[in-house]
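Build the full structure now, drawing on both the sequences and the hints.
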Amino acid sequence: MFKHITATAIVLCLTGGVALSQGAKLSDPQIAHIAYTAGEIDIKAAKQALDKSSNKEVKEFAQGMVRDHEAVNKQALALVKKLKVTPEDNDTSRALSKQASEKLTELGKLKGADFDKAYIANEVAYHKTVNGALETQLIPSASNPELKELLQTGLKLFQGHEQHAEHVAADLK
Amino acid sequence: MQPGRLAFVSLLALVAVSVPARAATIRITIDKLAFSPASVAAKVGDTVEWVNKDALAHTATARNGDFDVTLPPSKTVSSVLNKAGTVDYYCRFHPNMKASLTIAP
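Residue numbers (the numbering used here), protein chains in the order written: chain A, 1 to 173; chain B, 1001 to 1105.
Please note: incorrect hints may appear among the correct ones.
Only part of the chain A face toward chain B is listed, based on derived beta-carbon distances under 7 Å [as the list claims (entries may be wrong)]: (1) G64; (2) T153; (3) K156.
If you are wondering where the hints come from, they were derived from the structure by calculation, not from laboratory data. Keep in mind it's a predicted model, so treat the numbers as computed, not measured. For glycine and all other residues, C-beta sits at the position ideal for the given N, C-alpha and C.
Dropping the structure here:
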């Protein structure tokens, strides 16, 4: 499980590193695509948890993820429409999606408390990875001030999610 | 002073004391995951107008259980303060959002 997460983190670092070393930073259309993809991934993971888990705390966490990430993605879509930006697929988005679909399959095989622990552990790690990418890559690279602001509010929100996930993880032990 | 007149003055004084100050409306804005102002003085009977500027759903939930107001995204909700006291409140969905109300009787 942690192998996958580390791989995602490395891919994020690598793509960022490569892009920076070529002197080309991520473009706003790419950043918008990455941010939206990252949100969609967490919504899918939460929906799987709502299907599979019977733990009240885990379900409440998952409901929060659906509620917040759907709201942010709706806002992101409204913003790209307003700015007339078409989100652009890229290596980071593709790597995130690939890791996420493998994770869904892996978690799909687990049940009960094993599923709950694995889901929450992945949520902690996933939010750490995404928040790290937001802080060091996406926010500094964003050109449009409104996109930057949305990412900054997103980071604040997702840091709260990370804390929430850590809290649930501690309770599950 | 005539007894009748004294009674009338006393009555006036009583009325003046028992009619409360006009209730006020206090606006608290929620923007980018923060309540603003973070600390507000109010009186029992005042109305709080909660202006949620975020695209996110929030709540204003008193730690002591005195109130729990749901604040839908980009909506304004009003609630009346019924009980005196210093109340710390937070958002149940985003517990990092914290603020306080000091409600005078």
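The hints, checked one at a time:
For the restraint placing G64 (chain A) at the interface with chain B, the shortest Cβ-Cβ distance is roughly 6 Å, inside the 7 Å limit, so the hint holds. With a cut of 7 Å, the hint placing T153 (chain A) at the interface with chain B holds, because the nearest CB-to-CB distance is about 5 Å. For the restraint placing K156 (chain A) at the interface with chain B, the shortest Cβ-Cβ distance is roughly 5 Å, inside the 7 Å limit, so the hint holds.
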